[in-house]
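Enquirer: Residue numbers (the numbering used here), protein chains in the order written: chain C, 127 to 683; chain E, 16 to 268.
Worth flagging that the hints you see were computed from the coordinates, not collected in a lab. Owing to the predicted nature of the structure, the values given are computational and were not obtained by experimental measurement. Take the hints with a grain of salt, since some may be wrong.
To be verified - For lysine-lysine, the following BS3-like pairs were computed, each having C-alpha atoms within a straight-line distance of at most 25 Å:
#1 E:Lys161 <-> E:Lys235
#2 C:Lys228 <-> E:Lys161
#3 C:Lys133 <-> C:Lys228
#4 E:Lys234 <-> E:Lys161
#5 E:Lys234 <-> C:Lys228
What the hints assert, rightly or not - Take a look, some chain E residues computed to stay more than 12 Å from chain C by CB distance:
#6 Lys161
#7 Gln191
#8 Leu195
#9 Met228
#10 Val262
#11 Leu263
Said to hold, decoys possible - If you anchor each label on the Cβ, the simulated ranges turn out as follows:
#12 C:Thr314 <-> E:His101: 25 to 33 Å
#13 C:Trp315 <-> E:Ala225: 29 to 37 Å
#14 C:Leu250 <-> E:Leu221: 26 to 34 Å
Glycine included, C-beta positions come from ideal geometry on N, C-alpha and C.
Listed below are the residues making up each chain.
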Amino acid sequence: MRRALGKVFTTDHRRLGVMYLLLALAAVAVGTTLSLLMRFHRVWPNAVIPGFGVMKPEDYLALVTMHGTLMVFFVLTVAPQSGFANLVLPGQIGARGMAFPKINATSFWLTLVSFLVLISAAHLTAGGAPISGWTSYPPLSALPAAGPGQGLGMDLWLVSIGIFCVAAWLSALNMLATIVGKRRAGMTWARLPMTVWSWLVASVLTLLAFVVLLAAVGMLFSDRHFGTNFFIPMGDMINGQVVGHGNGSPMLWLQLFWFFGHPEVYIAVLPGMGLATSLFANFSRRRVAGYKMMAGMLVAIGLLGLLVWGHHMFVSGINPYAGTAFAAVTMAIAVPSTAEVIGWLATLWGGGLRLRTPMLFALGFLSFFIAGGLTGPILAQPSLDVYLHNTFFVVAHFHLIMAMAGVFGVFAGVYYWFPLMTGRLMNETLGKVHFWVSLIAAYGTFLPMHFAGLAGEPRHYDRLTGPAMNFTALLPLERGITYSALLLAAAQGIFLWNVFVSARRGRVAGVNPWESTTLEWENGEVPSLIERGPYEYELPQGEGGYHPQWESPVKQE
Amino acid sequence: MPATFTRNPVDVERNDTGIGGKPPYDRRPTGGGGDGENWENHPQGRGGPRELLIRYRLGLMFALSGDLMFFVALVSAFFVRQSTGHFDVYNHYTTDWRSLAVPPILWLNTAVLLLSSVTMEIARRQLFHEIDVMEEWLGLGRPAVKRAAPWLIATLGLGLTFLVGQWVAWEQLVQQGYLLSAPNPSSNFFYLITGIHGLHLVVGVLALMAALMGLFTLKKVEFRQIAVDSVAWYWHTMGIFWAFLFVLLVFFQ
Numbered sequence: 127m128r129r130a131l132g133k134v135f136t137t138d139h140r141r142l143g144v145m146y147l148l149l150a151l152a153a154v155a156v157g158t159t160l161s162l163l164m165r166f167h168r169v170w171p172n173a174v175i176p177g178f179g180v181m182k183p184e185d186y187l188a189l190v191t192m193h194g195t196l197m198v199f200f201v202l203t204v205a206p207q208s209g210f211a212n213l214v215l216p217g218q219i220g221a222r223g224m225a226f227p228k229i230n231a232t233s234f235w236l237t238l239v240s241f242l243v244l245i246s247a248a249h250l251t252a253g254g255a256p257i258s259g260w261t262s263y264p265p266l267s268a269l270p271a272a273g274p275g276q277g278l279g280m281d282l283w284l285v286s287i288g289i290f291c292v293a294a295w296l297s298a299l300n301m302l303a304t305i306v307g308k309r310r311a312g313m314t315w316a317r318l319p320m321t322v323w324s325w326l327v328a329s330v331l332t333l334l335a336f337v338v339l340l341a342a343v344g345m346l347f348s349d350r351h352f353g354t355n356f357f358i359p360m361g362d363m364i365n366g367q368v369v370g371h372g373n374g375s376p377m378l379w380l381q382l383f384w385f386f387g388h389p390e391v392y393i394a395v396l397p398g399m400g401l402a403t404s405l406f407a408n409f410s411r412r413r414v415a416g417y418k419m420m421a422g423m424l425v426a427i428g429l430l431g432l433l434v435w436g437h438h439m440f441v442s443g444i445n446p447y448a449g450t451a452f453a454a455v456t457m458a459i460a461v462p463s464t465a466e467v468i469g470w471l472a473t474l475w476g477g478g479l480r481l482r483t484p485m486l487f488a489l490g491f492l493s494f495f496i497a498g499g500l501t502g503p504i505l506a507q508p509s510l511d512v513y514l515h516n517t518f519f520v521v522a523h524f525h526l527i528m529a530m531a532g533v534f535g536v537f538a539g540v541y542y543w544f545p546l547m548t549g550r551l552m553n554e555t556l557g558k559v560h561f562w563v564s565l566i567a568a569y570g571t572f573l574p575m576h577f578a579g580l581a582g583e584p585r586h587y588d589r590l591t592g593p594a595m596n597f598t599a600l601l602p603l604e605r606g607i608t609y610s611a612l613l614l615a616a617a618q619g620i621f622l623w624n625v626f627v628s629a630r631r632g633r634v635a636g637v638n639p640w641e642s643t644t645l646e647w648e649n650g651e652v653p654s655l656i657e658r659g660p661y662e663y664e665l666p667q668g669e670g671g672y673h674p675q676w677e678s679p680v681k682q683e
Numbered sequence: 016m017p018a019t020f021t022r023n024p025v026d027v028e029r030n031d032t033g034i035g036g037k038p039p040y041d042r043r044p045t046g047g048g049g050d051g052e053n054w055e056n057h058p059q060g061r062g063g064p065r066e067l068l069i070r071y072r073l074g075l076m077f078a079l080s081g082d083l084m085f086f087v088a089l090v091s092a093f094f095v096r097q098s099t100g101h102f103d104v105y106n107h108y109t110t111d112w113r114s115l116a117v118p119p120i121l122w123l124n125t126a127v128l129l130l131s132s133v134t135m136e137i138a139r140r141q142l143f144h145e146i147d148v149m150e151e152w153l154g155l156g157r158p159a160v161k162r163a164a165p166w167l168i169a170t171l172g173l174g175l176t177f178l179v180g181q182w183v184a185w186e187q188l189v190q191q192g193y194l195l196s197a198p199n200p201s202s203n204f205f206y207l208i209t210g211i212h213g214l215h216l217v218v219g220v221l222a223l224m225a226a227l228m229g230l231f232t233l234k235k236v237e238f239r240q241i242a243v244d245s246v247a248w249y250w251h252t253m254g255i256f257w258a259f260l261f262v263l264l265v266f267f268q
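Pulled out of the complex, with its shape left as it was, chain C reads as follows (with noise of 0.2 Å):
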């Protein structure tokens, strides 16, 4: 009993990432089933979904709102994070352990608890899950009367989001500790692999984001409960009856939240861009083009992320001068984005490209993340975003970055690493088959939205059809938007089979199955003294192809 109990509660952080992992799983599998409903009803807004009747326009609402939370908090913030760099961060620096193994412990339990409080927001509610969307923006957060859902739903929302934020603030400084601390003699920072460099920089605005969402979530309990007034206006009526108190400033909560939030967005992408730079001098057998430019690109834009939360708030009504203000920075990132691009692609250029199929997920990370990141500087600026705020325009530029590049990059890592994880090696074809069905459906998912919000189509609407607006001449597009996306959600059951079957009956992998150089394949004793840079590829034939960084820099004959 015992025994079994320390199983379970284990400090081991290769079983503590894999058991992230898993629940990124969970959570992705009910995230994307909420979407299909999504895309279902808009296409369909009068159909009865058997079980449960028509769908209203708040229970859409309510559907949006648990897939955003789902998908951004516990599967990008988790998976990439959590998920990997517990697999994989003691090996890479070859460290013996996380630096706090049990608040690493701690820190996975309290996602869980915090998924298991959500989950129950929406189906132990008699009102339902809350409905003013993963932003949660007041006065419809603030008060229970708002709306459906707002109660209970509300709260429990709040409390789950709160328990993340102490999960992830533990998580962050285990990370920190861990890399800063823990790295084995001779692991200088210049030798680092560029994941860790990407979970060092994840983990730094980890740190100082969520807080800052903890503290904005504290405070909006606290106008719930205790009477308080920070985000509830005055005079602000709800069916004819004055609610609140004072004079409290929805604005303030936008502030607060979107200073966690823009971070937030680069915590899910940073650590698909260091492994997707990984995987490209694996897979095409060269060495990092710029390695020291490439990991200062991925501090630039974590810093550059913290100054940049205005853009999600041009159309609010903040000093147009604070907006260029945010505009101008928001355009700076792109600088040291195009700056990894052409890493990568100088990392690429000429190599001998092995396509397996961690390379190819890597290769799609990069063609979303091109895709995804081009229509940013167009958002950046306010006058192209007083017409595009809040429409389809916006929903197709981050769903390709955030759902399809750093998807891809949890894709990428999760074929990559199953070895380290099972011993076996992924059904290569499924592989193959998952990846190409996954990135034409996604562009035919996520590409057309462009053209929806370029014509005006507004989020967060539930039909194509209302009292103002109508967008039925976009019906046949929304079509194909849904089909794509069910042909999506169908491919990742290739997936789903891949993993599970592979687990039990894939090809055994050998040591180092993909003759990768970085320490967390070294099967047997890796060296007191680290010698070597982290991608020493790039050998001239005949001498093996490329040196391991366990390897000792004396010639071996």
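Got chain C sorted already, so can you dock chain E onto it with the hints?
Expert: Same frame as chain C, now just chain E:
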């Protein structure tokens, strides 16, 4: 050999084995390390007690950085709310912020908290006296613990006094009609800021009690040092935060 302060200069014995061969074994009494990136002197295998202490301090520093950012968020909200207003019919910019005069007992509480930091630091230093630590390490009684414990208890007492004083301040405000739920924003923020800080201090008091217990239950002297050291740095940080928050509430309304 656990981490110590010492007034005697430490002789670094390093046998240079010449070209090739193993790196020299570091025989410094603190267990070695602490040289930054000087990998040649890095001891082989596990780090010593000093490394463990440094790792805990590092973790605590990161945790407190996050906490600092949390308070920065609250203070930013404070300033934003203070200057939030509108242009009235006469084109004057008016705000609805009415300054809240802090109850005078807050000055006393501040003095008490700063004093508690002094006692905390004295307690922390008692646990690093080389001779006492060496005796504890050798198993010859607990002289360092005997010196540190009274100061820890003093800190605990002063900390509890601070918390009681904060509660009294709240009671005074309630009697004047300033509630948490008052429409007056400065009232909301006063309770928010002092309340959040107070919660942190409650955590600190619990940690102090745990450290005090640990002084008598933890087997290794290095763990006792780490326990008190961690609590001490947390306590000082909460004191410094309070200093800033106090100045904010008194002078920046």
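Enquirer: Tell me, in ascending order, the numbers of any earlier hints that this structure violates.
Expert: Of the numbered hints, 2, 8 and 12 do not hold.
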